[in-house]
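Novice: Residue numbers (the UniProt record's numbering), protein chains in the order written: chain C, 1 to 318; chain H, 1 to 318; chain R, 1 to 318; chain D, 1 to 318; chain Z, 1 to 318; chain X, 1 to 318.
Wrong hints could be hidden among the right ones.
The list makes no distinction among identical chains, and a pair is therefore deemed to hold if it is satisfied within one copy or across any two copies.
Below, computed lysine-lysine pairings styled on DSS-like, alpha-carbon distance capped at 30 Å [as the list claims (entries may be wrong)]: (1) K25 - K311; (2) K118 - K317; (3) K317 - K143; (4) K118 - K151; (5) K25 - K59; (6) K20 - K284; (7) K311 - K20; (8) K59 - K118; (9) K80 - K217.
Think of the hints as simulated: they come from the structure by calculation, not from any bench. Keep in mind it's a predicted model, so treat the numbers as computed, not measured.
6 protein chains.
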Amino acid sequence: MTLIKQLASSDDFTGYYLLKELEVKLTNGATPKDYFDIVLCDGSGQMSAKFWDVSSTDKETFFPMGLVKVHGVVQTYREKLQIKIVRMRLTTEEDQVNLTDFIRSAPISPNDLIHAIKQVQSSIEDEEIRRIVDYCVAKVDDKLSHYPAAKTHHHAYFAGLAYHIVRMLEIGEFICKQRPFLNPDLIKAGIILHDIAKPEEMIAQLGIVSDYSLQGKLLGHISLASSWITEAAIHSGIDLESEKVIGLQHLVLSHHNLGEWGSPVQPQTAEAVALHHIDAMDAKLQMVEDALDTTPESEPWTPFIRGLENKPIYRMKL
Amino acid sequence: MTLIKQLASSDDFTGYYLLKELEVKLTNGATPKDYFDIVLCDGSGQMSAKFWDVSSTDKETFFPMGLVKVHGVVQTYREKLQIKIVRMRLTTEEDQVNLTDFIRSAPISPNDLIHAIKQVQSSIEDEEIRRIVDYCVAKVDDKLSHYPAAKTHHHAYFAGLAYHIVRMLEIGEFICKQRPFLNPDLIKAGIILHDIAKPEEMIAQLGIVSDYSLQGKLLGHISLASSWITEAAIHSGIDLESEKVIGLQHLVLSHHNLGEWGSPVQPQTAEAVALHHIDAMDAKLQMVEDALDTTPESEPWTPFIRGLENKPIYRMKL
Amino acid sequence: MTLIKQLASSDDFTGYYLLKELEVKLTNGATPKDYFDIVLCDGSGQMSAKFWDVSSTDKETFFPMGLVKVHGVVQTYREKLQIKIVRMRLTTEEDQVNLTDFIRSAPISPNDLIHAIKQVQSSIEDEEIRRIVDYCVAKVDDKLSHYPAAKTHHHAYFAGLAYHIVRMLEIGEFICKQRPFLNPDLIKAGIILHDIAKPEEMIAQLGIVSDYSLQGKLLGHISLASSWITEAAIHSGIDLESEKVIGLQHLVLSHHNLGEWGSPVQPQTAEAVALHHIDAMDAKLQMVEDALDTTPESEPWTPFIRGLENKPIYRMKL
Amino acid sequence: MTLIKQLASSDDFTGYYLLKELEVKLTNGATPKDYFDIVLCDGSGQMSAKFWDVSSTDKETFFPMGLVKVHGVVQTYREKLQIKIVRMRLTTEEDQVNLTDFIRSAPISPNDLIHAIKQVQSSIEDEEIRRIVDYCVAKVDDKLSHYPAAKTHHHAYFAGLAYHIVRMLEIGEFICKQRPFLNPDLIKAGIILHDIAKPEEMIAQLGIVSDYSLQGKLLGHISLASSWITEAAIHSGIDLESEKVIGLQHLVLSHHNLGEWGSPVQPQTAEAVALHHIDAMDAKLQMVEDALDTTPESEPWTPFIRGLENKPIYRMKL
Amino acid sequence: MTLIKQLASSDDFTGYYLLKELEVKLTNGATPKDYFDIVLCDGSGQMSAKFWDVSSTDKETFFPMGLVKVHGVVQTYREKLQIKIVRMRLTTEEDQVNLTDFIRSAPISPNDLIHAIKQVQSSIEDEEIRRIVDYCVAKVDDKLSHYPAAKTHHHAYFAGLAYHIVRMLEIGEFICKQRPFLNPDLIKAGIILHDIAKPEEMIAQLGIVSDYSLQGKLLGHISLASSWITEAAIHSGIDLESEKVIGLQHLVLSHHNLGEWGSPVQPQTAEAVALHHIDAMDAKLQMVEDALDTTPESEPWTPFIRGLENKPIYRMKL
Amino acid sequence: MTLIKQLASSDDFTGYYLLKELEVKLTNGATPKDYFDIVLCDGSGQMSAKFWDVSSTDKETFFPMGLVKVHGVVQTYREKLQIKIVRMRLTTEEDQVNLTDFIRSAPISPNDLIHAIKQVQSSIEDEEIRRIVDYCVAKVDDKLSHYPAAKTHHHAYFAGLAYHIVRMLEIGEFICKQRPFLNPDLIKAGIILHDIAKPEEMIAQLGIVSDYSLQGKLLGHISLASSWITEAAIHSGIDLESEKVIGLQHLVLSHHNLGEWGSPVQPQTAEAVALHHIDAMDAKLQMVEDALDTTPESEPWTPFIRGLENKPIYRMKL
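Please take these sequences and the hints and turn them into a complete structure.
Specialist: Here it is as structure tokens:
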């Protein structure tokens with residue numbers, strides 16, 4: 001079966017794909033007809049597709065997030081590849097395909113990611129800090145196993161958030177060894193908590209964000225997480241004015257570094273400075289890695305990447 | 001008695017003043033001697049002063065925030081007026097002077113300001129919103145009667161914060177009448193809560209801010225107030241995910257309008273847009289009014305005002 | 001009759017509308033045909049429409065700003081609603097419809113707005129200021145009764161400019177009462193004059209701006225209004241170097257506050273600071289109100305609003 | 001006689017200088033005494049100076065802008081040279097020195113500069129443009145012969161403004177020859193008018209600006225000059241809405257190029273683009289030339305120059 | 001023959017043009033057909049065109065940068081003119097047309113431009129500077145005769161780079177006469193070298209840039225030219241740490257003036273300040289001239305020009 | 001012996017220190033006397049000091065970078081501690097003190113740092129890359145063992161540059177393990193080369209930068225290092241247009257990430273993105289660590305740190 005990423009102009013192909021987006025539209029002209037404007041995806045990438053002359057049965061059959069078997073041809077439209085769907089049907093049990101095979105996922109399984117996070121949680125020595133972290137993680141619990149870290153910016157796929165946390169924990173462990181003046185409990189807690197309210201900020205399914213929630217838009221994940229720490233401290237009877245609580249809230253509030261990037265305060269503890277740079281390093285390098293991964297091997301340049309000063313990345317031939 | 005604001009170069013004067021700041025310093029030269037570098041103030045303004053050749057008794061007698069009787073002469077130093085103190089003593093009961101006569105205060109008494117705020121609180125029709133407001137106001141209660149609204153920016157004097165709130169409530173009342181689509185409960189609550197954590201953010205005495213608190217520096221009054229709303233809601237059993245709680249937190253979080261001005265989210269409700277403009281109008285006009293008030297009548301221009309694009313204000317002669 | 005704002009996908013409807021924009025275009029394909037790309041509007045909003053297979057008679061019949069009777073169906077195109085016109089004809093006298101019923105207007109009649117402005121003009125106590133205001137208002141006289149305040153930014157409808165002025169005068173009156181150190185004559189004059197050259201800056205019909213004039217593009221309404229004050233003073237024999245003239249020109253020149261927003265000088269009188277904030281408060285809250293008004297009740301969010309940090313507004317359910 | 005520019009640390013010298021600034025100050029210490037904090041200058045530069053232990057006669061004798069004979073020694077204070085005045089007296093007729101020998105001046109005589117400008121004025125072919133230019137020049141007439149072009153930015157010396165205009169006219173003549181599509185009348189008029197209101201914006205004596213005028217602060221020279229064109233057109237009966245008047249006002253209004261640099265509109269005619277660049281080229285190169293001229297030959301680097309991205313200029317040894 | 005610039009809506013025309021861009025696309029609809037999406041150009045401008053129902057022969061016949069004879073009609077599409085091609089064939093020898101007649105070129109012949117540059121090169125008095133210049137020019141030698149100066153920004157046509165250099169040399173000669181403190185050798189060398197690596201930065205044919213090279217993207221023409229000077233100095237045995245080499249590299253590195261415009265250092269020699277302004281003046285005025293030239297005479301306004309604060313230029317009628 | 005960092009107000013102490021800066025100044029007053037304005041330092045920090053009534057012998061005896069034995073008392077001046085020197089003499093051999101004991105140094109010995117760097121150099125597998133790195137390192141060879149990484153920004157002490165490189169190499173090694181798609185040779189080479197021209201950019205002694213060199217000011221260390229790579233490639237016969245050379249130059253040129261931070265191009269290879277973040281993480285965390293180290297333990301807050309958004313760092317008590 002051909003992966004989306006491998007399709008080239010003029011290809012005539014058949015395969016299973018996920019119907020990521022579907023909209024019924026009307027053709028121009030005197031006798032407009034319905035057609036589907038579609039986005040098909042699999043784990044390797046996505047491509048837009050047209051399905052012309054749809055029947056009323058079609059309109060009742062196909063919906064986003066359905067798995068379909070497609071026979072199509074690849075065309076070029078406005079310098080981009082696009083699929084013309086020749087035939088399409090829903091998959092059945094006999095096709096023996098699973099939804100999760102068709103979405104982009106973190107390269108480590110959700111179970112392993114959650115396990116890694118849990119282990120770090122239990123290694124936090126300070127009991128109060130550990131309790132606050134546990135409380136906040138519990139609030140999003142099952143979402144942590146599959147939510148992406150962002151809509152498009154970075155780690156925008158199934159279990160992307162947990163993957164981002166785990167990789168940051170690895171960097172954090174290294175940095176704490178290299179610079180022993182950093183407090184490992186605060187670094188661990190800061191990493192786990194910094195984006196912990198993202199699943200509340202975004203509405204996502206199968207690693208794909210469809211929208212932001214009301215709380216996401218009006219409060220944002222940074223202020224949400226800070227409030228959760230307040231909640232956790234009240235719940236566990238920890239003094240809200242203790243340095244632990246203030247220190248954890250400061251880590252969360254300052255991790256975007258600048259006001260124009262969403263942080264109401266700037267990093268003013270050693271761990272807050274470290275957290276910002278651990279976050280930046282993991283997010284930016286993942287953007288690079290993902291962009292190279294989803295760009296055909298034959299292309300020397302990835303598309304422009306907003307989070308990298310809107311520059312593309314060149315695939316060095318060394 | 002001569003007010004600070006009225007002192008002119010070469011004046012020889014005697015009067016009562018507040019010792020706002022005092023530092024013991026050493027003169028230059030081969031045989032350095034102690035002297036006091038002082039800031040004297042009264043309700044009309046402040047001026048720096050030098051007290052040369054201080055004795056060790058002097059060093060044990062005079063401290064900041066003490067009331068003193070001063071005989072001095074006014075000199076010019078680096079284009080600014082400065083007092084050379086000829087004689088100085090602490091005031092006694094017989095002088096019949098009170099500390100509060102020597103500090104800059106809001107033009108309305110703290111009692112009246114608090115009364116006005118309480119009345120608006122009780123006029124909030126929605127019981128849950130009222131309870132949240134009451135809880136947060138209770139947290140700062142007696143500080144609300146005397147704290148300034150800022151260190152230097154605006155309303156930087158005794159009861160300046162309460163005065164700022166009361167004047168904003170007047171504008172808010174007008175705007176709700178002019179534009180009935182605004183929800184008066186949210187406007188009232190937003191005005192009372194928007195700076196409610198300032199007394200926790202700053203350390204002040206007699207309306208004079210000496211520093212920011214740890215919470216002020218690491219969290220800031222905006223995030224603090226948002227957390228207090230969380231606290232209040234938990235305390236009163238109000239759903240943290242209700243539109244009321246989110247709406248109030250949004251008002252507080254967005255009232256500085258832009259990220260670079262400290263707001264992690266931008267106004268996205270009608271009342272949040274209104275709150276920002278009510279706040280700006282009151283703060284900016286008060287800066288103008290205070291600058292004109294504390295500039296000698298004979299001066300056509302006030303000093304440069306940071307909050308007004310760092311421009312001075314001209315006293316029109318119309 | 002169905003209002004534009006009420007149309008929903010798949011509706012089949014008949015009604016009267018204003019042909020706001022019309023362009024003759026050609027379909028793609030080997031035998032391209034003419035069609036109309038149209039914008040229909042009424043007082044509740046506007047929607048784009050297509051009229052396929054137009055005849056040469058059609059091309060001589062229909063022009064922008066004509067009233068038409070339309071039979072159409074509503075379709076979805078690129079996630080937006082769009083009308084497919086089935087039949088269309090010009091209205092006749094018998095239809096008993098008037099152009100002004102089909103355009104978006106200020107909620108107060110032009111006569112009442114002009115009357116309100118005139119009354120404030122005559123209440124200006126300083127004769128020279130009043131004469132300058134009268135002169136400038138006279139220059140745009142009949143345009144003041146129907147011009148919008150902007151192309152799209154705010155108050156972009158019939159008599160929007162006069163409505164903006166009247167509402168600002170209400171705020172101005174309140175602020176002068178609240179802060180007696182402000183000079184009411186300057187506030188009144190500043191409000192009436194600040195945008196007075198907008199009708200010279202823009203080319204508009206029925207409250208709809210089609211373009212900016214040469215003077216609008218090369219000089220801008222701020223410099224134009226400042227020159228009009230020069231003209232007015234020369235005409236009335238008022239000293240060009242008097243504080244009145246300078247003060248009025250300063251109000252106009254500084255009302256956008258910052259250089260990057262078009263003001264060559266920043267506010268440096270009390271009244272100039274006030275004027276900027278009165279203008280901002282009225283413009284921004286009107287943007288909010290208009291956006292909520294023209295967004296279907298069922299939609300919780302308005303579109304993004306450029307003038308509000310490009311954020312949408314949420315319709316609180318309180 | 002030693003020029004200011006030539007003084008070096010430890011020099012003991014006698015010479016005539018201009019007392020550019022003088023302030024009476026008090027020494028620190030228990031028995032403060034009066035001293036003068038002085039700025040001495042001549043055409044080659046300026047240096048600060050101290051005159052200790054001044055008598056009351058001294059205080060009645062010496063004032064800014066007086067010519068003095070000074071015996072002094074050069075000292076180093078905070079890494080800068082400074083004069084300790086040993087003896088000082090006012091000059092008398094017998095000294096045969098003239099004020100104008102001690103101020104920094106344009107390298108061409110005022111008469112020649114004015115003559116050059118007048119000649120260009122009379123070469124403007126369009127009579128209406130010429131009349132407007134003549135009117136505006138007449139408004140500042142004798143000030144044009146000696147005013148500087150700015151307080152410190154560039155051409156900050158006697159007749160600096162006229163020199164700036166004349167040099168720009170030379171560049172303008174060249175550019176009009178190189179690019180015949182430019183209208184020479186507009187280029188000439190734009191150059192003469194662009195800073196014509198500077199003498200009204202600033203208060204200056206002997207080429208030294210002491211302050212900005214009220215009009216300078218509240219309106220700025222750009223808007224002032226635009227209003228003068230209005231005045232001129234009214235006076236000469238030229239249509240205010242003609243392209244000539246609009247074009248000239250556009251040249252003046254746009255010559256700072258950006259809003260943040262003070263221009264309410266950006267250049268939108270060929271001549272306006274040219275004017276901005278002619279102005280920039282002359283101003284920036286003059287900053288360089290003046291900085292090199294007033295920096296001792298032995299110094300490879302000039303001081304930092306605000307108008308040149310706050311960089312110093314290196315004196316290449318080629 | 002009709003020039004592109006002269007085509008108006010509904011014109012039916014026949015003529016020779018250059019096929020600047022060609023893409024094979026598919027029509028929408030159930031039975032999609034191939035068509036060509038084309039850009040046709042001649043020396044006066046360019047226009048997009050559609051060629052419907054192309055055969056497989058057509059697809060093997062027509063390629064970009066081919067000369068074609070076209071019979072077409074002009075249509076309006078989305079407010080822009082567009083050509084519907086009725087018939088099209090490749091030109092033959094008998095048509096007696098040359099490629100170079102159909103591209104936009106500098107108004108002076110490449111030979112004359114190169115000759116002018118060579119003459120200036122040989123007039124450089126300092127032998128080492130001359131050798132460095134000669135070496136760098138030799139690196140791009142034949143490309144200098146036809147490369148444009150930019151993709152779209154300015155001088156974007158055949159021999160645009162050489163034309164830019166020659167015109168800057170004219171300004172440079174004038175400025176060196178006006179300000180003799182400038183070193184003519186450095187000005188000449190700076191002008192010739194400042195953009196000398198552009199032909200290495202961009203991939204162009206017939207004055208049309210199709211892309212940037214790898215070196216262009218990863219290093220940029222500024223750093224490239226600086227490295228070439230290093231190369232040249234090594235090659236000619238000139239001390240890399242001499243003021244000549246440093247001075248020339250500084251000229252190249254600083255000529256964009258600011259970091260955000262691509263210069264890693266800001267101008268800090270007199271010649272570097274001059275070079276930046278000579279470059280700006282020539283580039284900006286050429287943008288204006290080219291925009292007016294390629295806008296139909298009947299249009300009073302050119303399109304928006306990115307490099308001129310994204311403003312259009314008005315064609316004054318004086 | 002008391003460390004500078006431990007001195008407190010009123011301390012009377014004797015010890016050995018380094019005379020880091022010394023300026024002869026004159027006291028104010030009628031009979032000015034020479035005094036020394038001094039900066040004393042040791043490895044723990046620095047403090048300004050005054051030595052009053054200096055003799056002419058003193059002026060010939062004491063110079064910057066000399067070791068002295070000092071008897072002094074600590075005073076407070078403008079809220080800062082300052083030493084009044086009671087007695088001072090140069091150290092002799094008998095004092096058995098070494099210069100290097102009195103300067104701030106990297107916590108690892110220069111030998112070990114150089115050894116670590118050399119080892120990484122020899123581990124670069126690609127021979128051409130290794131040769132280029134070796135060539136550039138050879139250019140600064142002995143300076144690499146003692147130069148600081150910056151004047152004040154970060155690692156501003158003896159061997160600070162080598163320490164910065166070694167710590168970055170540790171991070172680089174970790175990141176290459178965590179993300180195998182990164183090329184270790186390029187990461188190693190990028191880290192060693194990114195600041196390799198700093199010793200040419202700055203003039204330093206004992207880890208203290210006194211000024212920038214001419215090349216530093218006119219070219220900057222980024223362009224210098226890029227030119228060195230050109231030099232190295234020419235010297236080793238490596239193709240200047242090979243991906244290796246371009247890739248290495250890109251790493252150096254882009255490592256400041258943004259134009260306003262000095263990089264003429266933005267990172268566009270995976271390794272360039274990584275290099276920027278490795279550099280930022282090490283520099284910022286070292287700023288934090290150094291600031292905490294040099295702030296007395298009793299102080300909860302460090303001074304403001306320019307490179308950390310001009311914020312101070314709080315010493316958490318966890």
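Novice: For each hint, tell me whether it holds in the structure or not.
Specialist: The hints, checked one at a time:
{"no.": "1", "hint": "K25 - K311", "verdict": "between (34 Å within a copy, 28 Å between copies)"}
{"no.": "2", "hint": "K118 - K317", "verdict": "between (40 Å within a copy, 26 Å between copies)"}
{"no.": "3", "hint": "K317 - K143", "verdict": "between (39 Å within a copy, 28 Å between copies)"}
{"no.": "4", "hint": "K118 - K151", "verdict": "within (25 Å within a copy, 44 Å between copies)"}
{"no.": "5", "hint": "K25 - K59", "verdict": "both (11 Å within a copy, 27 Å between copies)"}
{"no.": "6", "hint": "K20 - K284", "verdict": "within (26 Å within a copy, 38 Å between copies)"}
{"no.": "7", "hint": "K311 - K20", "verdict": "both (27 Å within a copy, 27 Å between copies)"}
{"no.": "8", "hint": "K59 - K118", "verdict": "neither (45 Å within a copy, 60 Å between copies)"}
{"no.": "9", "hint": "K80 - K217", "verdict": "between (33 Å within a copy, 22 Å between copies)"}
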